[in-house]
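Those sequence lines, one after another, are chains X and U. Reminder that position 59 of the first sequence reads as 59 in this note's numbering, one-by-one numbering, no gaps. Count along the second sequence from 1, add 1000, and you get the number used in this note's numbering.
Hints are computed from structural coordinates only; laboratory data are not their basis. Some hints could be false.
Calculated Cβ distances over 10 Å to all of chain X for the following chain U residues [unchecked claim]: (1) Lys1030; (2) Glu1129; (3) Gln1148; (4) Glu1209.
Straight-line Cα separation of at most 27 Å, DSS-like style, residue types lysine-lysine; simulated pairs [what the hints assert, rightly or not]: (5) Lys1180(U) - Lys180(X); (6) Lys180(X) - Lys1261(U); (7) Lys1169(U) - Lys261(X); (8) Lys248(X) - Lys261(X); (9) Lys1248(U) - Lys1169(U); (10) Lys248(X) - Lys169(X); (11) Lys1100(U) - Lys1169(U).
Restraint ranges, calculated between C-beta atoms of paired labels, are given here [unchecked claim]: (12) Ile255(X) - Glu1257(U): 34 to 40 Å; (13) Gln148(X) - Glu1257(U): 37 to 43 Å; (14) Leu1075(U) - Arg232(X): 29 to 35 Å; (15) Glu1257(U) - Glu257(X): 30 to 36 Å.
Backbone N, C-alpha and C fix where the C-beta goes; we use that ideal spot for every residue, glycine too.
2 protein chains.
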Amino acid sequence: MAMKVLMEISYVGSEFCGWQVQRNALSVQKTVQTAAETLLKSPCAVTGCSRTDAGVHARQYFCTLENENLDRFPLDRLPLALNCLLPETVGVRDAFPVEKDFHPRYRALGKEYEYLIHGGRLKNPFLSERAFFCGRMPDTDCMQREAQDLVGTHDFSSFCASGGKVEDKTRTVYFCRVEKLPGEQVSLRICADGFLYNMVRIIAGTLLECGLDGRKSCGTVLSLKDRRFAGRTLPAQGLYLDRVFYRKEDLEMRIAEVNGK
Amino acid sequence: MAMKVLMEISYVGSEFCGWQVQRNALSVQKTVQTAAETLLKSPCAVTGCSRTDAGVHARQYFCTLENENLDRFPLDRLPLALNCLLPETVGVRDAFPVEKDFHPRYRALGKEYEYLIHGGRLKNPFLSERAFFCGRMPDTDCMQREAQDLVGTHDFSSFCASGGKVEDKTRTVYFCRVEKLPGEQVSLRICADGFLYNMVRIIAGTLLECGLDGRKSCGTVLSLKDRRFAGRTLPAQGLYLDRVFYRKEDLEMRIAEVNGK
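Extracted from the complex, chain X is given alone in its bound form (with noise of 0.2 Å):
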């Protein structure tokens, strides 16, 4: 019987087209595929915990891989085995064993992103690619006060790109945080129950525009419950997946070590 493996992978977005297979593109979904399949001889099912946008990064992505062959497979070796067959941008880090049931996506309880802004006057090579450009320095005071607006339970529909099928937009926000950190770079984590479609990017967009000019109010936009008063989407390039919560108590420790900082 097919044996089913729950495994942590990290990669870089910025040569993808996202998780999710598409035709005509490099996916990472198919490119984990491709490289059990080769490893594994036989064909392969990888789900992912989630969709991400073409050029995101995921420094934790979990997916589950199903194959007849797995259990003759020994585990402790499988990251080392898949690693060698791809890409230098993506790399598997754990692998275990679940049940037949398990579903990434459904049975995460939490996920934590972070969006990297670097707020410099002149280009910095090494953050190409990894963070966003602003050109200038925003005041991280601000964007912190801001953001503790969106920490609960809330309609996000101003924060939800048009294109997304979801009906209900309530999701609950355990944390958002804006830190200001080493080479003019500034970081904001969020944690929630779940995300909308380009919710991370919008809420950063927003905060970005409470921090440059200040005149925005991030409670109001959340209230207004349109996405005509929230700021610009920011481009995918400074979105991190930075964890995935599967365990409650996982969570409750993560939203108490940020909340004590």
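Got chain X; can you put chain U on it based on the hints?
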């Protein structure tokens, strides 16, 4: 009369054949020259502070730019204007006028390089082309101890690739420091009055061997004055030109700072 400007730049070396212009290959020098000639609409002379090998990165690099129209161009706008014409992987950070006889290579009093090793067991896609993936963690205390034998004025024949044309292989190393960084990374920082061909990459390879099996003695290798006794030349992708010193005070402050740590 043509004006001479000293520019501080940085670049990700992955896509370049190095600094120096080469036939049939993309060099950083040619890339900067082309951008400057597009901006200033006449031939430009660009001279660098160091030849770097293909794939080597530079966080701080200096080059002079000479052009007859340069004195009519506002110097404070030169970095931004050039950045718009340069690819994502090269950035101009600053520009200052210098005397006609200033040579960025001969005027440098010292250079500091960093060599980055990723000592994790599993690859990290975000360090691809940015660090040398070694596959296991070396003993950094041992590396740091061994590195101290290189500090001072010595004949570095053991750490010079054959092919180098320099007769006098005596150099003065101001500091050589091995440190563990977060994310299973090891940083080797070395500062000297000058470096021989592949010197940092051979020193990194020798110290890594010390840190992995502990049998090699850096001091013995140094005293044998023979390349065959040193370790392998580590790949270019882990090497960064980090700082270039033109003023005695800056160099002395940096030496005191690193030694005081």
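Now for the hints, and whether the structure bears them out:
1. Separation of lysine 1030(U) from chain X is adequate, the least Cβ-Cβ distance of about 16 Å exceeding the 10 Å criterion.
2. With a cut of 10 Å on Cβ distances, glutamate 1129(U) falls inside the contact zone with chain X, its closest approach being about 7 Å.
3. The beta carbon of glutamine 1148(U) sits about 28 Å from the closest Cβ of chain X, which is more than 10 Å, so the claim that it is off the interface holds.
4. The non-interface label for glutamate 1209(U) is consistent with chain X: the shortest C-beta to C-beta separation is roughly 22 Å, beyond 10 Å.
5. Restraint check for lysine 1180(U) and lysine 180(X): the C-alpha separation of about 24 Å stays at or below 27 Å, so the hint holds.
6. As the CA atoms of lysine 180(X) and lysine 1261(U) are separated by approximately 25 Å, the hinted pair is consistent with the 27 Å bound.
7. As the CA atoms of lysine 1169(U) and lysine 261(X) are separated by approximately 52 Å, the hinted pair breaks the 27 Å bound.
8. Note on lysine 248(X) and lysine 261(X): the hinted pairing holds, with a Cα-Cα distance of about 20 Å set against a maximum of 27 Å.
9. Annotation: proposed proximity of lysine 1248(U) to lysine 1169(U) holds, straight-line Cα distance about 23 Å (limit 27 Å).
10. Between the alpha carbons of lysine 248(X) and lysine 169(X) the distance comes to roughly 23 Å, so the proposed pair stays at or under 27 Å and holds.
11. Straight-line distance between C-alpha atoms of lysine 1100(U) and lysine 1169(U) comes to about 30 Å, which puts the hinted pair past the 27 Å bound.
12. In this structure the supplied range 34 to 40 Å holds for isoleucine 255(X) paired with glutamate 1257(U), their Cβ-Cβ distance being about 38 Å.
13. At roughly 39 Å, the beta-carbon separation of glutamine 148(X) and glutamate 1257(U) lies within the given 37 to 43 Å, and the hint holds.
14. For leucine 1075(U) and arginine 232(X), the hinted distance range of 29 to 35 Å is satisfied, since their beta carbons lie about 33 Å from each other.
15. Remark: the range hint 30 to 36 Å for glutamate 1257(U) to glutamate 257(X) is upheld by a beta-carbon distance near 32 Å.
Checked against the numbered hints listed earlier, the structure breaks hints 2, 7 and 11; every other hint is satisfied.
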